[in-house]
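Chemist: Spelled out from the first residue to the last, the chains are:
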Amino acid sequence: MILLSWVDLTLAGSLVVLLALINWFQGLGLGRKILLGAARAVIQLTLVGLVLKSIFAWNDPWAVGSVALVMLLFAGREVQARQTRPFEGLSGYWAGTSAMFVSSFGVGFFALTVVLGNHPWYQPQYAIPLLGMLLGNCMTGVALGLNQFSQGIHRDQAAIEAKLTLGWTGWAASGEHRRQALQMALTPILNAMASAGLVSIPGMMTGQILAGGPPMEAAKYQILILFMIAAGTGFGVLLAVSWAAYRLFDERHRLRLDRLRAVFVPKGKRI
Amino acid sequence: MPAPLLEVKALQVLNGPPNDLLLEAGALVGLEGPSGAGKSLFFKALADLIPHQGLVMLEGQSQAGFAAPLWRKRVGYLPAESAWWSDQVESHFQFPAFVPFEALGLSRDLLNGPVSRLSTGEKQRLALLRLLENKPQVLLLDEPTASLDRASRGLLEAFLLDYLAKSGGAAIFTSHDPEQLVRLASKRYQMENLALSEVP
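One line per chain: the protein sequences are W and P, in this order. Residue numbers 0 to 270, in numbering that gives the first Met the number 0, belong to the letters of the first sequence in order. Residue numbers 0 to 199, in numbering that gives the first Met the number 0, belong to the letters of the second sequence in order.
Since the hints were derived computationally from the structure, they do not count as laboratory data. Remember, predicted model here, so these are calculated numbers, not experimental data. In this text, a Cβ means the ideal position worked out from N, Cα and C, and glycines have one as well. Treat each hint with caution, since some may be false.
In the DMTMM-like style, the derived pairs of lysine to aspartate or glutamate whose C-alpha atoms are separated by at most 25 Å in a straight line are [stated by the list, open to error]:
(1) P:Lys72 / W:Glu250
(2) P:Lys72 / W:Asp155
(3) P:Lys72 / P:Glu58
(4) P:Lys134 / P:Glu80
(5) P:Lys8 / W:Glu250
(6) P:Lys122 / W:Asp155
(7) P:Lys72 / W:Asp7
(8) P:Lys8 / W:Asp249
(9) P:Lys186 / P:Glu156
(10) P:Lys8 / P:Glu58
(11) P:Lys122 / P:Glu80
(12) P:Lys186 / P:Asp141
(13) P:Lys72 / W:Glu175
(14) P:Lys122 / W:Glu175
(15) P:Lys165 / P:Glu6
(16) P:Lys72 / P:Glu101
(17) P:Lys122 / P:Asp141
(18) P:Lys165 / P:Glu191
(19) W:Lys32 / W:Asp7
(20) P:Lys122 / P:Glu89
(21) P:Lys186 / P:Glu89
(22) P:Lys122 / P:Asp108
Here are the in silico distance ranges between beta carbons for each label pair [as the list claims (entries may be wrong)]:
(23) P:Pro95 / W:Gln25: 46 to 56 Å
(24) W:Leu18 / P:Pro33: 51 to 61 Å
(25) W:Leu46 / P:Pro113: 48 to 58 Å
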C-alpha cells in the first residue's frame, strides 16, 4: 500500500482550487461553494480519521452508538438544508431523520447480524463504515426525493386540486408525484448498479484494491454494499415521501401548501 | 317537508362575515360580484377544498359527515380555469364512450389529441363534462361560459338546464354577463367583500 503524504493531498487539492478560480473568473457563482465543500471534506474526514482510530481501539457499544447518532443528526440537517421548499417548523427535519434512521439502521443491523454475522455485531471497524455508506446514500436519496416531491406538488398545484375536485383522495392525487420523487431519488443507485464494473469501479472497491486487498473479495463486498444501499435508500425515500404526501393534505383531503415554506425571489434579482 | 338540497348556515371564509344560502332541487342560482369579492373562495369552501367555518348540508346531512372525496363527487366545483394532468385528453375521463361531447358542440376526435392543442373554450367545456362524469347533485360553476362564442354558450345553457331537470340537481353559477344572469337564474346573489346578499 502506497502511503499518502499531505503534500500529495495538496497537489490533488490544487485542482479543486483551479476549478474554483475558473468559476470565479467566469462569474458562475459556484467558486465559494466548491472551496467551502472541499474545506469541509478535509476537516471532517481528518477529524473522523482521528476519532475512528480511538473508537476502533475502544470497541465499546456506547461509543459506536454515539458516533452513529451524530452521523444521523448531521444527515438530517443536510436533508433539510437541501430543500427548496422545506416544511414549516421542525416536522420536516424529524421526518427525514426518522426515515433515514429506520431504513439505514434497520438495513445496517440486518447486514451486520444476519449477513456478516459479526461478534459482537457492533464491531466498529464494520459497523461505522457500513452505516456511513448507507446513511450517505440514503441522505442523498431522501433529500432529492423530498425536494422533487414538494417542488412538483407546488408546481402542479392546479392539476392536483383538479383531481381533488373530481373526488380523488389526497393519496391518489399525489401518486404521480410520489412516483417521480422515488425515481429521482433512486436514479443514482440504479445508475451505480448498472454501471458498476463496466464504467466505474465503485468507491469502496477502489479503496480496498488500492489498500492491497484481493479484487474478488473487494467485488463481493461491493455487491453487498450496493444491495444494502439500494434497499436502505429505497425504504428511506419511500418512508420520507409517504410522510410528505400525508402531511401535504389534511384530513379533509385538501392540498395544504401553507405547510411548506414560501420562496421569495428578492426584488431585482434575475437568475 | 324534505330538507333542501343544499343548505348553508353561517359559512365563513377567511375573515369574512357569516353567509347563509338555500338551494332547492332544480334551482339555477346566479352569483355576481366584482373580481376578488370572494366568489371562488365561497365555491371552494362549499366543495370543502379550503378550511372554513359554519355548516354546509346536503339533503340534511352535514359536510363533515361525508368523506371529503365523496362530498366533492356530490358537490362538483368547476374552477374558472381548468387544469390538466396528462398530455392526452382521453386520460382525464373515466368512461369516454359515455360522455356526450356532441351536446356541447365538441368533436369526439378531441379525445385522441393532446391537451396543448385545445382552445380555452374547448378546455372549459371538456372540464365540465369531466366533472359531470361524477353525476354531482350540486354544481358550482365558476364562469362556465366565459370564453365561449354565442352558439356554444347557447348549447351549454340548454345542456345545463337539461341536466338539472333530469337529475333533480341544482347549480350556482357566476358570470360577468348581467344579461345572462337575469335570463338564466331563478334567484341571484351578490358577493361583495366575502359578504353574500340576495339580489331582489
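Chemist: If a hint holds in the structure, say so; if it does not, say that too.
Modeler: Consistency of the hints with the structure:
Note on P:Lys72 and W:Glu250: the hinted pairing holds, with a Cα-Cα distance of about 17 Å set against a maximum of 25 Å. This hinted pair checks out: P:Lys72 and W:Asp155 have alpha carbons roughly 21 Å apart, not beyond 25 Å. A threshold of 25 Å between alpha carbons decides the hint, and for P:Lys72 with P:Glu58 the separation of about 14 Å falls inside it, so the pair holds. Distance hint between P:Lys134 and P:Glu80 is fulfilled; the C-alpha atoms sit about 20 Å from each other, no more than 25 Å.
At most 25 Å may separate the alpha-carbon atoms for a hinted pair to count; P:Lys8 and W:Glu250 meet this at roughly 22 Å. For the proposed pair P:Lys122 and W:Asp155, the alpha carbon gap of about 17 Å is at most 25 Å, so the pair holds. The hinted pair formed by P:Lys72 and W:Asp7 fails the criterion: a straight-line CA distance of about 69 Å is larger than 25 Å. For the suggested pair P:Lys8 and W:Asp249, the alpha carbons sit about 23 Å apart, so the restraint of at most 25 Å is met.
Between the alpha carbons of P:Lys186 and P:Glu156 the distance comes to roughly 16 Å, so the proposed pair stays at or under 25 Å and holds. Only pairs whose Cα atoms come within 25 Å are accepted, and P:Lys8 paired with P:Glu58 is accepted, the gap being roughly 14 Å. Proximity of P:Lys122 to P:Glu80 is assessed by CA-CA distance (about 9 Å); at most 25 Å being required, the pair is judged to hold. Distance check on the hinted pair: P:Lys186 and P:Asp141 sit about 16 Å apart at the alpha-carbon level, within 25 Å; holds.
A threshold of 25 Å between alpha carbons decides the hint, and for P:Lys72 with W:Glu175 the separation of about 21 Å falls inside it, so the pair holds. Among the hinted pairs, P:Lys122 with W:Glu175 is consistent with the structure: their alpha-carbon atoms are about 22 Å apart, no more than 25 Å. For the hint pairing P:Lys165 with P:Glu6, the CA-to-CA distance comes to about 21 Å; that is within 25 Å, so the pair holds. In summary, the hint linking P:Lys72 to P:Glu101 is supported, as the alpha carbons are separated by about 23 Å, within the 25 Å threshold.
Simply put, P:Lys122 and P:Asp141 have alpha-carbon atoms about 14 Å apart, close enough for the 25 Å limit, and the pair holds. A threshold of 25 Å between alpha carbons decides the hint, and for P:Lys165 with P:Glu191 the separation of about 33 Å lies outside it, so the pair is violated. At roughly 23 Å between alpha-carbon atoms, W:Lys32 and W:Asp7 fall within 25 Å of each other, so this suggested pair holds. Between P:Lys122 and P:Glu89, the direct Cα distance comes to roughly 12 Å. Compliance with the 25 Å bound is thereby established for this hinted pair.
As the CA atoms of P:Lys186 and P:Glu89 are separated by approximately 36 Å, the hinted pair breaks the 25 Å bound. The straight-line distance between the Cα atoms of P:Lys122 and P:Asp108 is roughly 14 Å, inside the 25 Å bound, and the hint therefore holds. Checked against the hint of 46 to 56 Å, the pair P:Pro95 and W:Gln25 passes, with Cβ atoms roughly 53 Å apart. Our hint of 51 to 61 Å for W:Leu18 and P:Pro33 holds, since their Cβ atoms are close to 57 Å apart.
Distance hint for W:Leu46 and P:Pro113: a CB-CB separation of about 56 Å, consistent with the stated range 48 to 58 Å.
Taken one by one, the earlier hints fail for this structure at numbers 7, 18 and 21, listed in ascending order.
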